[in-house]
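Protein chains in written order, with this note's numbering: chain A, 1 to 282; chain B, 283 to 604; chain C, 605 to 877.
Since the hints were made in silico from the structure, they are not lab data.
Worth double-checking, as some hints may not be accurate.
As the list claims (entries may be wrong) - 30 Å max Cα-Cα, derived DSSO-like pairs, lysine-lysine:
hint : chain 1 : residue 1 : chain 2 : residue 2
1    : A       : K136      : B       : K339
2    : A       : K164      : B       : K306
3    : C       : K719      : A       : K164
4    : C       : K760      : A       : K164
5    : A       : K164      : B       : K339
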Amino acid sequence: MYLSRKSSDARSIFNKAMTILAGTLVVVALIPLLAVLSYVLIKGFGRLNLDLLTKLPPPPMVPGGGIANAIVGTLIMVGLASLISVPIGIGSAIFLSEFSNPTTAQWIRFATNVLNGVPSIILGVFAYSVLVVTTKTFSAYAGAVALSILMLPTIIRTTDEALKIVPQEIRWASLGIGAAKYQTVLQIVLPAALPTIVTGVTLAIARAAGETAPLIFTALSTQFWPNSLSQPTPSLAVLVFNFATVPFKNQQELAWAASLILVLLVLTTSIISRFALRRKTY
Amino acid sequence: MTSHLAESTPLIHAKPSLGQVLDKTFIWITRICAFSIAGVLVLIAIQVGIEAIPAIKAFGLGFIFQQQWDPVKEHDGITGIYGILPMIFGTLMTSFVALLLAIPIGVGSAIFLSEDFLPVSFRTVLVFLVELLAAIPSVVYGLWGIYVLIPLIRPLGEWLHEHFGGFFLFGTSPSGPGLLPASLVVTIMILPTITAISRDAMTSLPPELRQASIGLGGTRWETIFRVLLPAAFSGIVGAIMLALGRAMGETMAVTMLIGNSNTVNFSLFAPGNTISSLLANQFAEASGLQVSALMYAALILFVLTLLVNIAAQWVVMKVQKF
Amino acid sequence: MTHYSPQTIPQPKSQVEDTALEAVNLNIHYGSFLAVKDVCLKIERNKITSFIGPSGCGKSTLLRCFNRLNDLIETFHIKGEVYHENQDLYSRHVDPVQVRRRIGMVFQKPNPFPKSIYDNVAYGPRINGFKGNLDELVEQSLTQAALWDEVKDKLKQSGTALSGGQQQRLCIARTIAVQPDVVLMDEPCAALDPISTLKIEELMNDLKSQYTIVIVTHNMQQASRVSDKTAFFNVEATPKGKVGYLVEYDDTVNIFTNPRQIHTRDYIAGRFG
Chain A
1 MYLSRKSSDA RSIFNKAMTI LAGTLVVVAL IPLLAVLSYV LIKGFGRLNL
51 DLLTKLPPPP MVPGGGIANA IVGTLIMVGL ASLISVPIGI GSAIFLSEFS
101 NPTTAQWIRF ATNVLNGVPS IILGVFAYSV LVVTTKTFSA YAGAVALSIL
151 MLPTIIRTTD EALKIVPQEI RWASLGIGAA KYQTVLQIVL PAALPTIVTG
201 VTLAIARAAG ETAPLIFTAL STQFWPNSLS QPTPSLAVLV FNFATVPFKN
251 QQELAWAASL ILVLLVLTTS IISRFALRRK TY
Chain B
283 MTSHLAESTP LIHAKPSLGQ VLDKTFIWIT RICAFSIAGV LVLIAIQVGI
333 EAIPAIKAFG LGFIFQQQWD PVKEHDGITG IYGILPMIFG TLMTSFVALL
383 LAIPIGVGSA IFLSEDFLPV SFRTVLVFLV ELLAAIPSVV YGLWGIYVLI
433 PLIRPLGEWL HEHFGGFFLF GTSPSGPGLL PASLVVTIMI LPTITAISRD
483 AMTSLPPELR QASIGLGGTR WETIFRVLLP AAFSGIVGAI MLALGRAMGE
533 TMAVTMLIGN SNTVNFSLFA PGNTISSLLA NQFAEASGLQ VSALMYAALI
583 LFVLTLLVNI AAQWVVMKVQ KF
Chain C
605 MTHYSPQTIP QPKSQVEDTA LEAVNLNIHY GSFLAVKDVC LKIERNKITS
655 FIGPSGCGKS TLLRCFNRLN DLIETFHIKG EVYHENQDLY SRHVDPVQVR
705 RRIGMVFQKP NPFPKSIYDN VAYGPRINGF KGNLDELVEQ SLTQAALWDE
755 VKDKLKQSGT ALSGGQQQRL CIARTIAVQP DVVLMDEPCA ALDPISTLKI
805 EELMNDLKSQ YTIVIVTHNM QQASRVSDKT AFFNVEATPK GKVGYLVEYD
855 DTVNIFTNPR QIHTRDYIAG RFG
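Construct the entire structure; sequences and hints are all you get.
As structure tokens, then:
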């Protein structure tokens, strides 16, 4: 039968082999994911208890204690960073999508992507020289500023995409009734795009919560409750860094527990965002 | 009783109405927000640059080739000798080893996940899982690396050193932290970048391309290698460049795994240092000229990653006009 | 059919000025390209005027000049004037936003906001600073748009959950809620089924006692059914491209039974389209 190809033919073997190779590579790519997630889950889970969420870190070799101050510190700094980056990010995206001409928009999007690629340690260096050196103190403010620059590109990108999806006819309908541009954007376009925007902001927050480099020499860290925004402030991410490299088992365990919290945060936001972005209004 | 709304305001005004003023203001506010992005980039460059000037004056370009980093050594009336050759070496070495491993795995996964080897639902889940790799914080990878990865690869490393110690890559015996564990973790962290963008490049190819090749009697993999990959080539190159940028800037996991030793050693098992780890370790307690030297190092890293990222963006932008 | 409560019986506007809109030597340009040339046209108050003609003749473009919606296109500019209530809509001091509050538009594809039915209708009055009874205004607008009975129990439902014909009537309700002088309709039934189309045509007849209506339509039968006056546009090829122009403008009954221009006659007879 001249139309059939023997499965022992060289081409067929090559095809099968390549498929198997490619599939194996995917498995190889996912093994670390499994490994990291399972280790963090196992080692962190054992340390989960109410104390973890309510007590301060213990001194070396003393059992017990918790990471409550780090949790509070992370909440404070990520919250501050959001206050800065969310309005500026959404405002920029509105300009890109509604008001700017295509060339300007292209350059600003380019700049946004470039900013996204700046190593987060450089953002920390920047915040250090602008805030820490001038105010002569490490502070939550400095950490928050570094984090806000980190969050900006993510927020701008997702808001930009969200606004693009809103149909033009809706804008025409609003303008046709005699609404001004700012009314159209604020009362019609933004609300329509809101679910996607919220998802983007959530992703940015999750990413910021896990970042250490921007904080290690801006907010530094402490073993105590955060008591002032212009003082060193603890955070989950820096705590993991500090406790990972000490030889004290009790503190290492806290590092795993803090990692568990961060990983759970990242997991839930990623999964939720996947679902939320699926069910778009349009 | 309803009122006639439209007649309440006159049609013609000598000066702009409140609505027009608000509109103009609103547009200006958003414009300032948007331009602040470019502004921040420029500000970072300027600020770091200015702080670096004392060190630039003291060491000039020799900074890049100097191997010593010693904050207390007296030399020519200056306290401290600073040079980042070992850090540049470490940055480049970890990045390239990571790329070497990540490219085949990443591109291979991208191919597997862009063709229909698996049903769509499986594919979506796998794509999501690969993206998840990117979401895990760097410091968690570092923690895992210290307590899980290093003990894991130690036996392998010792075996390689025993049998192939002559080969420069396996020249020293594994002592825990080193170039290899750091590179491996960076590999894991840049995989999602390569996979996602390469996959995008492949799925945005016009279906006519595939149909033409199959129509001429090509097998699936012949089509992939001879038609699809060449067509998606610039997208894949862009992906790799973006991954390189990420690898060079990667800080926390590397700092925790590389051993922080300022030596140039080609052995994979030897400890080393990268520019970002240098910054992470020393900034908090630095003072005087040391701070300026660190700023100089940061400036170099900033410029390096900036160049790589700009080039990568340019390549990716060209491809996205498909 | 629509029901009027005693309070909402419309009062006829003064008959002093019978022209609601007037185009004087209107030439429409996109950049250096002339799209529509030399239109002189008076739209009469409280009548339905239809614009008909083959595609590309500029009828929608002309319609959008009346509410300055063409301003959204960067290269657009006109020569000539457009008057409403003795004011040139394109004079330098005129705010397009104010123009659009007096001259509303219903679009070809129904485009309700992704808000509740109530909020769709209330949007216009709210942004205009309406201080009276909003519930009453919403009910009145929906009634005039022949939609009240179908939605009165589900005002909180999303406007996008309605059928195509209902959505278009919602858009009409939304437009008349700001109580404009003129309602422009750009092929309002093009995306609808015959039954919805019929409902909207009936509705237009009820509306004209309160509003002036200008409708662009591809459907000649619709124009002959619904409008009092008809303007026929055609397109001619020139070295620079196609230009639209006004061929004939008269009472509908004349256009369709006794047209004076040969192009009109041919178009009505279906010899081209």
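I'd like to know which numbered hints this structure contradicts. Please list them from smallest to largest.
5
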